[in-house]
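Student: Residue-level listing of the chains:
Protein chains: 2
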Amino acid sequence: MYTYEELLEKFRASLEKESFSGKPADLYEPIHYMMTLGGKRLRPVLLLMACDAFGGDTDAAMPAAVAIEIFHNFTLVHDDIMDGAPIRRGKDTIWHIWGEDTAILAGDTMFAIAFDYLLRVDHPRNKDLLKAFTKMAMKVCEGQQFDMNFESEEHTSIPDYLAMIRLKTAVLLATSLEMGAILAGAGEEDIKNIFAFGINIGLAFQLKDDLLDVFGQVDIFGKMPGGDILSDKKTFLLLKALTIADEKDKKVIEQWFGDNTSDPEQKIMDITAIYSKLNIDKIAGTEMERHFERAIYHLDLVGLPEDKKAELESLAEKMMYRTH
Amino acid sequence: MYTYEELLEKFRASLEKESFSGKPADLYEPIHYMMTLGGKRLRPVLLLMACDAFGGDTDAAMPAAVAIEIFHNFTLVHDDIMDGAPIRRGKDTIWHIWGEDTAILAGDTMFAIAFDYLLRVDHPRNKDLLKAFTKMAMKVCEGQQFDMNFESEEHTSIPDYLAMIRLKTAVLLATSLEMGAILAGAGEEDIKNIFAFGINIGLAFQLKDDLLDVFGQVDIFGKMPGGDILSDKKTFLLLKALTIADEKDKKVIEQWFGDNTSDPEQKIMDITAIYSKLNIDKIAGTEMERHFERAIYHLDLVGLPEDKKAELESLAEKMMYRTH
Numbered sequence: 001m002y003t004y005e006e007l008l009e010k011f012r013a014s015l016e017k018e019s020f021s022g023k024p025a026d027l028y029e030p031i032h033y034m035m036t037l038g039g040k041r042l043r044p045v046l047l048l049m050a051c052d053a054f055g056g057d058t059d060a061a062m063p064a065a066v067a068i069e070i071f072h073n074f075t076l077v078h079d080d081i082m083d084g085a086p087i088r089r090g091k092d093t094i095w096h097i098w099g100e101d102t103a104i105l106a107g108d109t110m111f112a113i114a115f116d117y118l119l120r121v122d123h124p125r126n127k128d129l130l131k132a133f134t135k136m137a138m139k140v141c142e143g144q145q146f147d148m149n150f151e152s153e154e155h156t157s158i159p160d161y162l163a164m165i166r167l168k169t170a171v172l173l174a175t176s177l178e179m180g181a182i183l184a185g186a187g188e189e190d191i192k193n194i195f196a197f198g199i200n201i202g203l204a205f206q207l208k209d210d211l212l213d214v215f216g217q218v219d220i221f222g223k224m225p226g227g228d229i230l231s232d233k234k235t236f237l238l239l240k241a242l243t244i245a246d247e248k249d250k251k252v253i254e255q256w257f258g259d260n261t262s263d264p265e266q267k268i269m270d271i272t273a274i275y276s277k278l279n280i281d282k283i284a285g286t287e288m289e290r291h292f293e294r295a296i297y298h299l300d301l302v303g304l305p306e307d308k309k310a311e312l313e314s315l316a317e318k319m320m321y322r323t324h
Numbered sequence: 001m002y003t004y005e006e007l008l009e010k011f012r013a014s015l016e017k018e019s020f021s022g023k024p025a026d027l028y029e030p031i032h033y034m035m036t037l038g039g040k041r042l043r044p045v046l047l048l049m050a051c052d053a054f055g056g057d058t059d060a061a062m063p064a065a066v067a068i069e070i071f072h073n074f075t076l077v078h079d080d081i082m083d084g085a086p087i088r089r090g091k092d093t094i095w096h097i098w099g100e101d102t103a104i105l106a107g108d109t110m111f112a113i114a115f116d117y118l119l120r121v122d123h124p125r126n127k128d129l130l131k132a133f134t135k136m137a138m139k140v141c142e143g144q145q146f147d148m149n150f151e152s153e154e155h156t157s158i159p160d161y162l163a164m165i166r167l168k169t170a171v172l173l174a175t176s177l178e179m180g181a182i183l184a185g186a187g188e189e190d191i192k193n194i195f196a197f198g199i200n201i202g203l204a205f206q207l208k209d210d211l212l213d214v215f216g217q218v219d220i221f222g223k224m225p226g227g228d229i230l231s232d233k234k235t236f237l238l239l240k241a242l243t244i245a246d247e248k249d250k251k252v253i254e255q256w257f258g259d260n261t262s263d264p265e266q267k268i269m270d271i272t273a274i275y276s277k278l279n280i281d282k283i284a285g286t287e288m289e290r291h292f293e294r295a296i297y298h299l300d301l302v303g304l305p306e307d308k309k310a311e312l313e314s315l316a317e318k319m320m321y322r323t324h
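The listed protein sequences derive, respectively, from chains A and B. Mapping the first sequence onto the working numbering, position 124 (from 1) lands on 124, and the numbers just tick up by one. Mapping the second sequence onto the working numbering, position 77 (from 1) lands on 77, and the numbers just tick up by one.
Check before you lean on any hint, since a few could be wrong.
For identical chains, the list gives no copy identity; a pair is met inside one copy or between any two copies.
Pairs of lysine to aspartate or glutamate, EDC-like flavour, derived with a Cα cap of 20 Å [what the hints assert, rightly or not]: (1) 309 with 5; (2) 208 with 281; (3) 135 with 189; (4) 208 with 228.
Note that these hints are calculated values from the structure, not bench results. All of these numbers come straight from a predicted model, not from anything done at the bench.
When you get a sec, could you build the whole thing from the sequences and use the hints?
Tutor: Below you can see the structure in the form of structure tokens.
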């Protein structure tokens, strides 16, 4: 069995061999740029880890891992257009360099290329793999639309928020694990449990992201805390604060909402102070742990010896206790 | 065997049964809107006709026909954003009603839904079908990028233009026929020839479109002639005129290029007069017929009795001799 680090290295080496080139150069250059920008490569490694845990051949699974990473990057390319985000992973985004039209088209092409890689997998259960992937793609799009809707909605409930991040973030992590399990020939019950493990890890992972944005350390790209606060993002922290704050604090939050120019530093300080007073960090931490524990519950149900599951459990823990 | 009209009716009836609904409604409403806007439904009917000609089961092929039509409409949704086109088929375009973000996402979702339909086909050669579809999707994106590049290019050659419409338009028609043939269990040589038939019909079809835009009758949506001239679209007509015009006429064309405000009617009249003087309509007609004849040459090579191919030949003729 491989460790997480070994599979990450294996994936990176495989990805480096892919050229992502073609004609016209104007279309493939942005695709190559995006695919070599870096990133955690978490999703393809989850696929390989699940495949390895169930005794599958990680080399044979590699094109599916590449497909998952291309798909993930495709969603980032289109999300960056919708968010008007000029920077990703410390570098300019595709729409910001090449314009929106090419960014739309590069994303579309990446979606097609993802299927192209998936079709390179030679496996008797290829159709199950494609079905899981396609279902996931639809759900991720639905999640992104829910996320956009929240921006203009008057009131977003916490269950609505969790349902959104389930679709937008957790389903992709869960499907990566599911596809690895399918490729290793896992049984139906095990596939269901590894999927449920992934969903709950994904929910916990996003809550951790929400927390780190406010209470995290400055990350390696020099990203400062408070980005979500400045952009009025409806995170778990904000929604929870609006639910439990008294009228005075609620008014402070609402007054800052939509104000991104007058005094950004004061805005971050005011909102963070309210979060701290209301113990929002602890509440979000508890919610995160609730999903983490549910994830471990499902991992325990997977019918594999403990040592086969140790790497997955240890990665999940690392994801929970990271500082950026 | 079915006639073209019967298969069109069959397809329309099948498509009507599909609801294209889901959550969030903000995402599926535009998809439903687009899929019920109408249109010629040419591509799915070509798929069914090829399937029928080779003795396949058109009912079993129906999900693949739906997939092709969804894919085609996905490309229109994204193209309309890139072109800034407010009207399609006489109705408002998706980005124009729901905004660009939702139009990007609705298109992405339609791409995924197309694969979802394709995966409903239960066929031993399902993987060949998916491979043909995925390869086509990549080529269509490449064609769209070439088309966008032409807009800012100083000089576009006629071979470059034909290579672009081959990718952007002809490959989709050809792949529709190819998929129908695969589903009917046709042999490799026959599949190659039906594909080549489709490519050449596609090229002829686009040249006909270019011609009709200038010399056609007012269509059922009241679309007036000259739209391509007004938008400075680099069609076969314009590129040919620039190649053979004398310095004086070339100057007139170049002076109007980029001028869309001063006097649109005069612009259309001036350019059309030059086209007529240079016999561009006859030259384009000859080019169109060259591809049409090549199409028929490949159809003749398909190893089927004449009566099995008669519907395809007659449809190709109708496409060439239509007046709008």
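Student: Indicate, hint by hint, whether the structure satisfies it.
Tutor: Structure-based check of each hint:
1. 309 with 5: Classified as within: same-chain Cα gap 15 Å, cross-chain 59 Å, threshold 20 Å.
2. 208 with 281: within (10 Å within a copy, 65 Å between copies)
3. 135 with 189: Close inside one copy (19 Å), not across copies (35 Å); limit 20 Å.
4. 208 with 228: Within one copy only: 13 Å inside a chain, 53 Å across chains, cut-off 20 Å.
No hint from the list above goes unmet by this structure.
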